[in-house]
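Engineer: The chain contents come next:
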Amino acid sequence: MSLVETIKISLDALRINKVRSILTMLGVVIGVAAVIILVSLGEGARQYIRKEFGSLGTNILIVVPGKTAREGGMHMGTSAVRKLVYDDALLIKRRSIHVVYSVPVIVGTSWVKYRGRSRDTYVVGVTEEYFPARNLQVDLGRNLNHEDVQYRRRVCILGRTVKRDLFGDRNPLGQAIKIGDGRYRVIGVMKRKGVTLGYDLDDVVFIPTTVATELFDTDALFNITVKARSEEVVDDAKRDIREILRRRHAGREDFTVLSQDEMLEVMGKVLTIMTSVLAGIAAISLIVGGIGIMNIMLVSVRERTREIGLRKAVGATNEDILFQFLTESTVLSLIGGVTGIGLGIGVSLLVPQLVSYLPSKIATWSVFVAFFFSGLVGIASGVYPALKAARYDPIVALRYE
Amino acid sequence: MGRGWIEVLKGVDLMVNRGEFVAIMGPSGSGKSTLLNIIGCLDRPTEGEYLLDGIRVEDLGDRELAEIRNKKIGFIFQNFNLLPRMPAWRNVELPLLYRGVHPKKRKEMALQVLEKVGLADRAEHRPSELSGGEQQRVAIARAIVGGPTVLLADEPTGNLDSASGWQVMETLRNLNREGSTIILVTHNPEVAGFAERILTLKEGFLRDEFS
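Just so you know, the protein sequences line up as chains F and B, in that order.
Counted from 1, the first sequence has number 221 at position 221 by this note's numbering; the numbering is strictly sequential.
Counted from 1, the second sequence has number 44 at position 44 by this note's numbering; the numbering is strictly sequential.
Treat the hints loosely; a few may be bogus.
Said to hold, decoys possible - Subject to a maximum C-alpha distance of 25 Å in a straight line, what follows is the list of computed DSS-like cross-link-like pairs (lysine-lysine): (1) F:Lys-191 - F:Lys-178; (2) F:Lys-8 - B:Lys-107; (3) F:Lys-51 - F:Lys-191; (4) B:Lys-71 - F:Lys-8; (5) B:Lys-116 - B:Lys-71; (6) B:Lys-104 - F:Lys-8; (7) F:Lys-8 - B:Lys-105; (8) F:Lys-113 - F:Lys-178.
If you are wondering where the hints come from, they were derived from the structure by calculation, not from laboratory data.
Based on the provided sequences and hints, a complete structural model is requested.
Structural biologist: If you want it as structure tokens, here you go:
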């Protein structure tokens, strides 16, 4: 008997008990849909992070103090972490031919005031190299320049949000604002940038690093943002930075150099684990669905004992019967699988529309895997009932009431 | 149904010729059905020899037995054993399905034999929409659709009133006149009367009424 005919017979049998078939399918539908939805949420989060970190630029390296960022270990006892200072950043640029920009960054928060208005915001100390390094643009006025940094000029560039809060629609250029106790002249306003890496680049005030050390009364850098000459030399630049800083830090590597890829990798790992755990839990419901199918198939085999007997009497082999019931459970499961895929894709597309902070991206592989597994579940749950049916003695089966 | 071992058939020596209409009678529990199951290749004898159309049946495996049932045997049961959800013609085509006949051809053949048993206009009816006599004639159509060597009827009138029973037996007699070999099991002498030869099975031994 051909496969097409066997499938037709299965569909007929499933149609006879329509409600029962649909309810049985539901387990698989939910399982498959859940797998697809959870994977696409995970995938969405991954893409979101990639986009966020991607905005750093692929040839950006970030040097942070301490050796903890990646290994995640704790420093025990005596090993005091030496801070990164302004001169470290300058030295990196001077010594490594692979580095174009090396920016010492200090971050703090402070009140900024202009006449009656004020705002508590991030104050970021940078050099003139920061803007080209991070691809930030000044919309109005000018960028910091070397002299601003060298001569510790009290000048500042405002993020969009800060500008709006303090000045409204007025032109802020040339005005003096108060940051902490000092007066700073506004020389520029940033182009709107939005949120990246969890902090709002519009809600900041940039000042020269040299001024920031005075403002926050520290020479410890938040990080050193380095831009390599090109993507190809990122690794060379990284090696150079390590070498240079290790020498300055008495041979100890008490700092960490992170590239965008490494940051992505760490985040990606966490996400992969989370996604797998969630998808695994969803897969359990697929197994439960399979048990449901097995249960119904056993009932169905019993109900159709006479039919099995008759089919055997008119010439069906054991294999014919086995195959018929196996096909039935597989068809049932696959219909559930396809429905579940539809539902999963639908919900995955709908979620970001309804909940704006939940990105989702349908992973093609998850659709195939879900389809494959629903087929597998169908076969696995059909084997036992089908074997049972195939082994019926036709004489006994024909007499069954 | 216990697991015990009961010897049902002891001395059965039977030869049925092509084109014969044989009735086997006997009280219930005499082993009529067991004999018929063996003849129909649903069961194998524990001892002895059974030749069907020159084939030694006791040597065959399950798969070959299924093929023999499919091609050489046509069963007619007391309780019809029609599949309730299928229209008459789909019940009739069933043996052809397991023979791998093309669907179109199957339907054609099914309709042909339904016409032969006088149910051409009932082809699309489900068993529940047919009378008992009609259902049994659908079953007969199913039994003959594959052109079997022998038709086996196990109390074919057992569930029917006498009028439809009579009609079913008429149908069988006509088939026999057209050349079908028929072995009929019944405990009803009137029904057995349709056969040319009547045998009695008693305590495991088969006797010819007229010998």
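Engineer: Are the hints correct? Go through all of them and say.
Structural biologist: We went through each hint and held it up to the structure:
For the proposed pair Lys-191 (chain F) and Lys-178 (chain F), the alpha carbon gap of about 22 Å is at most 25 Å, so the pair holds. Between Lys-8 (chain F) and Lys-107 (chain B) the CA atoms are separated by roughly 15 Å; this keeps the pair inside 25 Å, and the hint holds. Proposed proximity of Lys-51 (chain F) and Lys-191 (chain F) is supported: the alpha carbons are some 19 Å apart, at most 25 Å. Note on Lys-71 (chain B) and Lys-8 (chain F): the hinted pairing holds, with a Cα-Cα distance of about 24 Å set against a maximum of 25 Å.
As the CA atoms of Lys-116 (chain B) and Lys-71 (chain B) are separated by approximately 19 Å, the hinted pair is consistent with the 25 Å bound. At most 25 Å may separate the alpha-carbon atoms for a hinted pair to count; Lys-104 (chain B) and Lys-8 (chain F) meet this at roughly 15 Å. Distance check on the hinted pair: Lys-8 (chain F) and Lys-105 (chain B) sit about 17 Å apart at the alpha-carbon level, within 25 Å; holds. With a C-alpha separation of about 5 Å, the suggested pair Lys-113 (chain F) and Lys-178 (chain F) falls inside the 25 Å cut-off, and the hint holds.
When each numbered hint is compared with the structure, no violation occurs for any of them.
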